[in-house]
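As you go down the protein sequences, you meet chains A and B in turn. Going by our numbering, the residue at position 24 of the first sequence is 24; the numbering climbs one at a time, nothing skipped. Going by our numbering, the residue at position 34 of the second sequence is 34; the numbering climbs one at a time, nothing skipped.
Quick caveat, the hints were computed from the structure, so don't treat them as lab data. Hints are supplied without guarantee of correctness; some may be wrong.
Which copy is meant is left open, because identical chains are indistinguishable; a pair holds if it fits in one copy or across any two.
The calculated BS3-like cross-link candidates involving lysine-lysine, where the alpha carbons are at most 25 Å apart (straight line), are [what the hints assert, rightly or not]:
{"hint": "1", "residue 1": "K147", "residue 2": "K198"}
{"hint": "2", "residue 1": "K204", "residue 2": "K147"}
{"hint": "3", "residue 1": "K173", "residue 2": "K23"}
{"hint": "4", "residue 1": "K173", "residue 2": "K198"}
Protein chains: 2
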Amino acid sequence: MAEKGVLIVVSGFSGAGKGTIVKKIVSESPELSLSISMTTREPREGEVDGKSYFFVSKERFEEAISNGELLEFATFVGNYYGTPRKYVEEMISQGKDVILEIEMQGAIQVKTRFPEAILIFVTPPSAHELKRRLTERGTEDEATINKRMYRAYEESEFIDRYDYLLVNDDLDKCVEELHGLIEASHHKPDCSSGLLKKINEELKEYI
Amino acid sequence: MAEKGVLIVVSGFSGAGKGTIVKKIVSESPELSLSISMTTREPREGEVDGKSYFFVSKERFEEAISNGELLEFATFVGNYYGTPRKYVEEMISQGKDVILEIEMQGAIQVKTRFPEAILIFVTPPSAHELKRRLTERGTEDEATINKRMYRAYEESEFIDRYDYLLVNDDLDKCVEELHGLIEASHHKPDCSSGLLKKINEELKEYI
Chain A
1 MAEKGVLIVV SGFSGAGKGT IVKKIVSESP ELSLSISMTT REPREGEVDG KSYFFVSKER
61 FEEAISNGEL LEFATFVGNY YGTPRKYVEE MISQGKDVIL EIEMQGAIQV KTRFPEAILI
121 FVTPPSAHEL KRRLTERGTE DEATINKRMY RAYEESEFID RYDYLLVNDD LDKCVEELHG
181 LIEASHHKPD CSSGLLKKIN EELKEYI
Chain B
1 MAEKGVLIVV SGFSGAGKGT IVKKIVSESP ELSLSISMTT REPREGEVDG KSYFFVSKER
61 FEEAISNGEL LEFATFVGNY YGTPRKYVEE MISQGKDVIL EIEMQGAIQV KTRFPEAILI
121 FVTPPSAHEL KRRLTERGTE DEATINKRMY RAYEESEFID RYDYLLVNDD LDKCVEELHG
181 LIEASHHKPD CSSGLLKKIN EELKEYI
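Looking at chain A on its own, in the form it has when it is part of the complex:
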């Protein structure tokens, strides 16, 4: 186990398959857990506070915003959703990795507030393939799909803000590559700050 874990933030074009990738890697990795969001929406049947979400009041959420307790937040259909820093930091300090699937704007918010986060962008091998996947789903009309393609265009201008790019051509290969990126991230000096401090202390003997 690593001395410290990492926060992995996964974004990607709508239709790139990031949800499937995240689900698969979490099921394969005992040391990797999904980030738990804070929200003001009501719990649904079977949802457990502190497991599915941290369910809070609007006042408590706004307090969390002003206290800087959130790595990012957004509103959706009249409710707040956000990523509490505390849960992420607790897991990471125990040597566990946390994965957060989130859209680009949230990912960039996270990076400014938590620069150690590793940002990964998932793309299909071409725009044509993206359109094909969105069309194949069969759940959306042409106009909605074109809106998603336009959104993809906007996002494509900011991919250089990400640490890593994953081309999702083959699911298994893509998940394997993601394992490799997480493994590499454990080699960031920040993940071994305890060891580095110890070596630095030991070397002081030679000053």
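Given the coordinates of chain A, assemble chain B onto it according to the supplied hints.
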């Protein structure tokens, strides 16, 4: 093969075993080549210009410095040694990786002039182990070893400038981890700039 290769810069405490690691990984990786230095020293028997080194005059070297042709340079026993940007860029644009073993000051110079470079620092698992390895070599007296330990102390203050840390406890494991770091580096968006530009162009259709 990656669309673009990466420049891997390896530094580490004297005695950390970085030379052995670099030699082993180069012998194992056909897509990875050692950087070729420019120098003003005389060629030795058997050395080939453009292969062992780029042998140049002092005037030519100083011209290279003022033209910004070098990623870093230093003097050693009355001669200049430096890393030409051109060779690195040529290899990288062909999708090949270049590895450069260099001390910390040079590595930090490289990073300022070539921010895409991946800086990797090699350390033994403890200062005690570092001392043991230096002593075991049997080539240096106590005073010289203590000087190296002091130099290690100075360097230990700057390890956070590196992208990745490699703890060299076991050579084979360490080389395998280095392979993983190089593989991960190929996922930097910069290494797929052609693909990203293509996708961006294709998506413009939906504006």
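Okay, the hints, checked on the actual structure:
no.: 1; hint: K147 / K198; in the structure: between (53 Å within a copy, 20 Å between copies)
no.: 2; hint: K204 / K147; in the structure: between (60 Å within a copy, 12 Å between copies)
no.: 3; hint: K173 / K23; in the structure: within (15 Å within a copy, 29 Å between copies)
no.: 4; hint: K173 / K198; in the structure: between (38 Å within a copy, 22 Å between copies)
Violation of the numbered hints given earlier is absent; every hint is satisfied by the structure.
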